[in-house]
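Engineer: Residues per chain are reported as follows:
2 protein chains.
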Amino acid sequence: MSQPRYDVLAIGNAIVDVMSPCEDELIEELGLARGGMMLVDTERAHELYDAMGPAREISGGSAANTLAGLSALGLQCAFIGQVADDQLGEVFAHDIHAVGIDFDTPARPGPPSTARCLIFVTPDGQRTMNTYLGASQFLPAQALDEQLIASAAVLYLEGYLWDPEEPRAAMRKAIAAARAAGRKVAFTLSDAFVIERHGDDFRALIEAGQIDILFANKVELAALTGKPDFDAGLAALAPKVPVLVVTRSEDGAVAIAHGERHEVAAETVSHVVDTTGAGDLFAAGFLAGYARKASIHRCLAMGAVAAAEIISHYGARPEADLKALIAEKLG
Amino acid sequence: MSQPRYDVLAIGNAIVDVMSPCEDELIEELGLARGGMMLVDTERAHELYDAMGPAREISGGSAANTLAGLSALGLQCAFIGQVADDQLGEVFAHDIHAVGIDFDTPARPGPPSTARCLIFVTPDGQRTMNTYLGASQFLPAQALDEQLIASAAVLYLEGYLWDPEEPRAAMRKAIAAARAAGRKVAFTLSDAFVIERHGDDFRALIEAGQIDILFANKVELAALTGKPDFDAGLAALAPKVPVLVVTRSEDGAVAIAHGERHEVAAETVSHVVDTTGAGDLFAAGFLAGYARKASIHRCLAMGAVAAAEIISHYGARPEADLKALIAEKLG
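Sequence lines, in order, name chains A and B.
The working numbering puts the first residue of the first sequence at 1, with every later residue one more than the last.
The working numbering puts the first residue of the second sequence at 332, with every later residue one more than the last.
Please note: incorrect hints may appear among the correct ones.
As the list claims (entries may be wrong) - Selected chain A positions facing chain B (Cβ under 7 Å, derived; list incomplete):
1. 48
2. 51
3. 54
4. 57
5. 85
6. 87
7. 88
8. 173
9. 321
10. 323
11. 324
12. 325
Derived by calculation from the structure, the hints in this document are not laboratory data.
Cβ atoms here follow ideal geometry from the backbone N, Cα and C, with glycine treated the same way.
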């Protein structure tokens with residue numbers, strides 16, 4: 001097995017977030033699933049955009065956000081995802097290149113346009129996401145360069161990408177390529193609604209020993225295992241993956257690695273502005289530690305610091321110097 | 332003279348800001364005019380964008396920012412400006428509609444694309460702007476609806492729009508229409524470099540009594556009058572306009588209205604994040620007071636509060652509730 005060129009290669013939806021603060025009432029009026037992610041079609045996307053206040057556009061996408069964190073922490077990263085050949089596609093590509101991530105999946109001639117996630121942020125900082133997948137759902141299996149996959153120590157995949165058919169096939173191919181090359185496969189469950197739709201696939205992958213590191217939050221853990229009790233869910237899932245990492249918002253996070261349980265408290269945040277990207281950046285902090293062979297406890301602590309940074313401002317890409325922040329908080 | 336339908340109608344560049352924090356060194360490396368605004372062509376825009384870190388897109392444009400402030404303060408506003416028929420054009424239109432401003436200048440089939448302003452924000456919060464005018468420079472004189480202009484109590488124009496030829500002609504037409512309808516004309520000088528290019532035009536307009544309310548900062552005052560001394564500049568310009576408003580950053584602002592001088596201190600801001608839009612929002616606060624027939628002192632104080640809000644966060648459109656903020660600070 002040759003020395004990997006990349007620490008982490010991620011495959012994910014290539015999305016630009018369209019973010020706007022809103023009052024709680026609007027979430028109800030629009031019939032949105034508060035705190036969750038819903039897929040929307042063109043018509044619904046227009047309807048929601050029309051109802052949205054003034055917004056700002058910031059590159060997003062779950063796995064891409066995680067990579068941005070990893071890159072900020074000094075890891076070598078590459079991204080595979082599908083944008084359209086349009087202005088938002090250029091924005092996405094610019095922002096990911098600007099943080100030093102290799103990304104050269106060719107833009108797809110439109111329509112549809114580059115994916116957008118319409119994010120309503122309520123005064124408590126909670127985000128409610130409505131994703132128009134656009135070009136992102138057409139990531140073809142051919143876009144996956146098996147040599148590229150083999151050249152990364154960790155392949156990181158987001159559950160969100162399981163929704164559209166073409167990327168789902170592409171991811172299965174990617175997992176096979178990574179395993180054949182003896183690389184690790186990390187997977188984030190992304191969202192409870194995604195698990196409702198694709199839980200059987202996820203459970204089959206896990207049972208088959210295809211996943212080395214699994215990220216979930218407590219709601220996703222319950223959805224996947226069918227066990228509402230947190231510890232029961234952990235007990236059911238942990239034996240099936242070498243490393244299981246479960247976040248639980250302000251209650252910190254738990255990892256069970258090779259049978260041993262570790263916990264970390266959440267970092268205190270004086271004012272939660274926008275929770276978008278909290279899970280993505282927790283994964284970034286954890287994986288950065290993992291790639292550097294830090295103790296599981298330190299991996300968790302790094303995740304907590306990165307997540308605290310992201311929820312203290314708008315947008316799901318880090319703004320502060322994460323490296324300095326971790327050095328300051330954790331030494 | 333019929334009752335005006337709008338408090339303020341503005342004509343300005345329709346621009347989406349592309350904003351990114353940067354270190355001071357980058358400003359030098361790129362040969363940028365720190366704190367100023369430079370016009371850039373497609374090639375230079377690409378070069379600068381490539382050198383820029385991860386960015387966020389927020390609707391901007393000087394006069395449009397002022398209107399966003401006026402609308403937040405409860406005034407009825409309309410905007411005329413040229414976007415292209417592209418994604419950034421949709422973003423601009425969405426954001427201006429979302430704050431309740433009427434805007435229906437038809438999008439122009441591209442190319443060129445909607446105007447972008449690449450804004451580098453240094454750690455002191457200073458912004459250095461590089462504007463690719465794109466579609467904005469093709470605002471045709473026909474886009475001006477003379478009835479619309481006649482229906483607004485104040486016509487507000489930005490000096491920036493004097494650079495491209497077509498909008499310059501359109502603005503002359505607009506001034507004539509507003510004056511013919513007995514409306515007030517407000518003008519902001521925008522930038523010292525714009526005055527270098529078009530100072531003769533601006534001076535001629537002022538000498539001809541075409542401008543009722545003139546906004547400038549201290550650098551622009553010096554550039555327009557040729558007098559580096561602040562008071563000498565004021566003394567030279569004030570007799571030529573009924574209301575002259577000059578901002579001077581942390582030293583507050585001065586207005587000379589019908590021969591009487593008024594001053595206001597700057598509002599204290601605990602941390603200046605990004606000065607983009609400070610002048611635009613000062614003008615918004617001032618004009619909002621003016622439209623409601625507040626005292627000149629209160630107009631200045633409202634300008635100071637609105638400017639302080641805008642420099643405390645990224646972007647040139649208000650985020651806090653300006654009305655509440657003014658009530659809280661000024662009663």
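Engineer: Now, for every hint given, state plainly whether the structure supports it.
Structural biologist: Going through the hints against the structure:
A least Cβ separation of about 11 Å between residue 48 of chain A and chain B goes past the 7 Å threshold, and the interface hint is therefore violated. Contact between residue 51 of chain A and chain B, as hinted, is not supported at the beta carbon level, the nearest pair being about 9 Å apart and thus beyond 7 Å. Hint on residue 54 of chain A holds. Least Cβ distance to chain B is approximately 4 Å, under the 7 Å limit. Evaluation of the residue 57 of chain A hint against chain B yields a held restraint, the C-beta minimum of about 4 Å falling below 7 Å.
Because the closest C-beta pair between residue 85 of chain A and chain B is about 12 Å apart, greater than 7 Å, the hint is violated. Taking 7 Å as the C-beta cut-off, the interface hint given for residue 87 of chain A holds, the closest approach to chain B being about 4 Å. About 5 Å separates the beta-carbon of residue 88 of chain A from the nearest beta-carbon of chain B, less than 7 Å, and the hint is met. Taking 7 Å as the C-beta cut-off, the interface hint given for residue 173 of chain A is violated, the closest approach to chain B being about 30 Å.
The interface hint given for residue 321 of chain A is broken, as the beta carbon of that residue sits about 11 Å from the closest beta carbon of chain B, more than 7 Å. For residue 323 of chain A, the interface hint is violated, since its Cβ never comes within 7 Å of a Cβ in chain B; the closest pair sits about 15 Å apart. Below 7 Å, beta-carbon pairs count as interface contacts, and residue 324 of chain A has none with chain B, the closest being about 14 Å; its hint is therefore violated. Nearest Cβ of chain B to the Cβ of residue 325 of chain A: about 15 Å, over the 7 Å cut. The hint is violated.
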